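Q: Given the sequences, and given the hints that come with them, work out the whole structure.
Residue numbers (my numbering): 81 to 445.
A couple of the hints might just be wrong.
Pairs of lysine to aspartate or glutamate residues, derived as DMTMM-like cross-links and limited to a Cα-Cα distance of at most 20 Å, are as follows [unchecked claim]: (1) 215 to 172; (2) 334 to 232; (3) 336 to 415.
These are computed hints drawn from the structure, not numbers from a lab.
Nothing here was measured: the structure is a model prediction, and the numbers come from that model.
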Amino acid sequence: MHTEIDLLVRASDPFADGVNLRTDVEERDWGLFLDSAFRHRVAALAGRALAAAQTFEPESRHEYVQDALLAAYALNSRRNRVLIEETARLTERLRAAGIAVAVRKGAFLAPVVYRDLGLRPMNDIDLFVDRSAAKDVAAVLADDGYAPGVVDRAGRITRLSRRQEIFWSVHTNNLPTLLRAHDDPLQPTLAVDVCFNLFLPASGCDIPAERLMVDLTTHEVQGTTISAFRPEYFLLDVSAHLYKESTTLRYIEKGKHQRLLQYIDIVALVRRHPGLRWDLLLEIAREAGAGRNLYYALAGAEALFPGAIPAEVLQALAREGGVDAEFLWQYGGIDLLQPLRWSAQTVIERLFSYERPQARSQSPV
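A: See below:
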């Protein structure tokens, strides 16, 4: 594996103390480093670490690398403030309508786990509700100007085709993305994903929404209170999401199977919650039938950041899930009769490979 990739992984760990980031600046391929940092959505994390390590001489010919990385931090800060303010406003609106809602992914991770709006990028607002409340949520958001659609290359919001509408209703675990225009040129569209199941319909996994919503935690964010899953359930959520995007063809075609940030989210969540109840995590994974999904995510995190995940947890998941030596390299199992295999032999190689999938999805979204 390239020295640049090793440096990027070490620089992207937000909880690493005393990590040696010294490197021969003149010998590094900074084009490869920047391409990987932005594709894997860790540019701001790496930029902060390299700046703190005083990696680049002022006014040197490589100072542009630090400028580019810190520009990602500034962009994240601007966009995330808009998105988190909207998250707070929408959750207040939904609560006022009597709808229980939990905040997922970035709108919780950025302010509560990373505790710095510039470090972790967000694209949209992710909410979780009981399936029975999904239509009510859509109605509340419609009153605020949100509508299902897609954004075209010109930045225009267009309606879904009939085929896309059918796909959303049959093959996904959430409502069609709800969109509305916004007046910030750096965040011209606001997107809300309303999820009502952690797992795709064809995944064979399931957990009732009320099981996840029974013990929500509350947090003060942007002057209002947001609710989120308890840490063990949140970890199951981000792990299930990582597994879905890493192994499903329609996500692989968009490059979402190669996101170092998703593994860092797991490590950051674990380190922010030292009292995490691993027994409860294993219990909820068993209930959902999602032990293999969880293993995939946690084993990947441990391979990239050794010591992050207890060995006994991985052993239990592997044993109960019947995980074999090929499991971490397989994909397409939900799309095809038989899963395909990446040629990679290690997690980091799979994550940073330029290998293309051997099959294409039939997804219209």
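Q: Are residue 336 and residue 415 close enough, with their CA atoms no more than 20 Å apart?
A: This hinted pair holds, its Cα atoms lying about 16 Å apart.
Q: Going straight from one Cα to the other, do residue 334 and residue 232 come out at no more than 20 Å?
A: holds, 15 Å
Q: Hint check: residue 215 vs residue 172, CA-CA at most 20 Å. Holds or violated?
A: holds, 17 Å
Hint compliance for this structure: no hint is broken.
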